[in-house]
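Engineer: Below are the chains, spelled out letter by letter.
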Amino acid sequence: MYKYETSLSVETEKIPVSELMSYKIEIEGLNAWFGNNQVLKDINMKIRENAATAVIGPSGCGKTTLIRCLNRMHELVAGTRVSGKVLLDGEDIYGGNVDPVTVRRRIGMVFQKPNPFPMMSIYDNAVAGLKLNGINDKRKLDETVEKSLKSANLWDEVKDKLDKSGSSLSGGQQQRLCIARALAVEPEIILMDEPCSALDPIATAKIESLMRNLSEDYTVVIVTHNMQQAARVSDFTAFLYLGELIEYGSTEDIFENPKNELTEKYLTGKFG
Amino acid sequence: MNRYATRKIKDRIMVSLTYLALVIALIPLISILLETIMRGVPAINLQFISERIPPLGQPGGGIGPAIQGTLIVVGIASLIGVPIGVFSGISLAEYPETKLALAARFLNDVLTNMPSIVIGIFGWTMIVVVIGWSVIAGAVALAAMMIPIVTRTTEEAVKLVPASIREAAIALGVPRWKTTITVVLSSAKKGIITGILLSIARISGETAPLLLTILGSRFWFNGFTEPTAALPLAIFNFSKSPYSTIDWPRAWGASLILILMILGISVVVRYFTREKYV
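Residue numbers (my numbering), protein chains in the order written: chain A, 16 to 287; chain B, 102 to 379.
Hints were generated in silico from the structure; no laboratory data involved. Note that beta-carbon positions come from the ideal geometry of N, C-alpha and C, so glycine has one too. It is possible that some hints are incorrect.
Unchecked claim - Below, a sample of chain B positions facing chain A; criterion: calculated Cβ distance under 10 Å:
(1) Leu201
(2) Ala202
(3) Arg206
(4) Asn209
(5) Leu212
(6) Glu257
(7) Leu261
(8) Ile266
(9) Arg267
(10) Ser288
Unchecked claim - With a straight-line cut-off of 27 Å between C-alpha atoms, the simulated BS3-like cross-links for lysine-lysine are:
(11) B:Lys200 x A:Lys128
(12) B:Lys109 x A:Lys179
(13) A:Lys179 x B:Lys290
(14) A:Lys162 x B:Lys279
(15) A:Lys153 x B:Lys279
(16) A:Lys128 x B:Lys260
(17) A:Lys146 x B:Lys109
(18) B:Lys111 x A:Lys155
(19) A:Lys146 x B:Lys341
Please model the entire structure based on the sequences and the hints provided.
Structural biologist: Listed below in structure tokens is the structure:
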């Protein structure tokens, strides 16, 4: 199997900046199961801080499960199991005395289908994370609404109808509202699970440029089945196949010079 | 005749049959309603809803205490039944596979179909024998009828909340219990309210359990451990009276008041819990 360490030297020649980056998440020997079905097999990978990392692979390869293990959402489904370590800033989030709730406050998540809270206004959706966690200071909420909607490039479109229902927006706007909602709790990492799969090309383009901007300030991990999207928005790409990490490196390397035959076959559309 | 024409005829026949069934189903409903309105309206006036219940056969008076009694007994029953029903419904929906949940669901179904007279006997042996005919005994018996209905409808309503909504809140770092009582409950609100209203409508008209628990009375509410009047009991008493010209119209009037009361509760509750966004 392709070794990540060897790619570092190649990478530093091409993008010297990456040498200055540190690792935000280190995944060590991660396995995950649904019942008796093992969907992740001994995953080892290090995710860089303030960069966009894409996870690609065919359907059912474990992409979604992988990122759901990063904020401990996988274990919410009955009959699931996880083993191995996920170090967040060097600390294992699966450690004995770690509360998953505090982990999830540091790691935001955007889902495949836009899921704004239907009974809340746009305003309340944007600050749902704060309100549900007991913050009710009106000034703080107002500031956060504006800031997070601006970061999600949605402010100009909704600033005059903040009291309208979140579900009255179009699909693309709803997804950006969900991104704003995730940003409002000031996470360090943003996980995105195929955030554009339910959107049209224009809405997708808006979210993609948003992903690029976000990766300057946040550690972004994107799951996508769209290889071109991974090539456009990510700095690093991981290729997963049947629950195994086949190849991982800078996006440029993976797409232009894949070292593994499987990766090449997948990227050239020989299977998928 | 070609195949298309036969199909068209079959289609016409089936559609007519469904309409016919609908009309037949509506006949008893509409005739009950019309009959109650036509015979009930003349009996109703301010005196009728505000004055004390007269002895059978005596003119004058009203059904004031019966309205008051029903409101009090149903009110207390709801105070007991709604929280227990809603919380057990949530628990069944959130932890559906535990042994306790399976047992509770089975018993709940049995209880839903329990004849109401049996519930009355339960109230009688458990409470009336100890503290006597009382408002409390009636409220407990009605709550026992209410809980399984509220539990079932709450469970179904909570189960219908999409997992994506729940996950959205959990991924924001909201603890599970808080996710349930905020996001999940407000999404399931409509279904839960419907269940509560259904159960209130059901218990408001129950006569058998009340006969065995609050006994009935002609007087105003006199304390929680005393017998009291109630609309279904008043209707029951008036309608078996031999004085057909004096008491039977009262039975119709009381029936109409009971229907209007249930309708009124339903409208008011729906207004105050209406969805902000549809």
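Engineer: Each hint needs a verdict: does it hold in this structure or not?
Structural biologist: Going down the list of hints, with the structure as the test:
1. Leu201: Hint violated; B:Leu201 Cβ to chain A Cβ min 16 Å, cut 10 Å.
2. Ala202: Hint violated; B:Ala202 Cβ to chain A Cβ min 13 Å, cut 10 Å.
3. Arg206: Hint on B:Arg206: violated, closest Cβ of chain A at ~17 Å, above 10 Å.
4. Asn209: With a closest approach of 22 Å, the B:Asn209 hint is violated.
5. Leu212: violated, 27 Å
6. Glu257: Status violated, d = 18 Å.
7. Leu261: violated, 12 Å
8. Ile266: Since the shortest Cβ distance to chain A is 6 Å, the answer is holds.
9. Arg267: Nearest chain A Cβ about 9 Å off; hint holds.
10. Ser288: holds, 6 Å
11. B:Lys200 x A:Lys128: violated, 34 Å
12. B:Lys109 x A:Lys179: violated, 47 Å
13. A:Lys179 x B:Lys290: holds, 19 Å
14. A:Lys162 x B:Lys279: Holds, because 26 Å separates the two Cα atoms, which is no more than 27 Å.
15. A:Lys153 x B:Lys279: At roughly 21 Å apart (the allowed maximum being 27 Å), B:Lys279 and A:Lys153 satisfy the hint.
16. A:Lys128 x B:Lys260: holds, 19 Å
17. A:Lys146 x B:Lys109: Cα-Cα ~59 Å, so violated.
18. B:Lys111 x A:Lys155: violated, 66 Å
19. A:Lys146 x B:Lys341: Roughly 59 Å between the alpha carbons, so the hint for A:Lys146 and B:Lys341 is violated.
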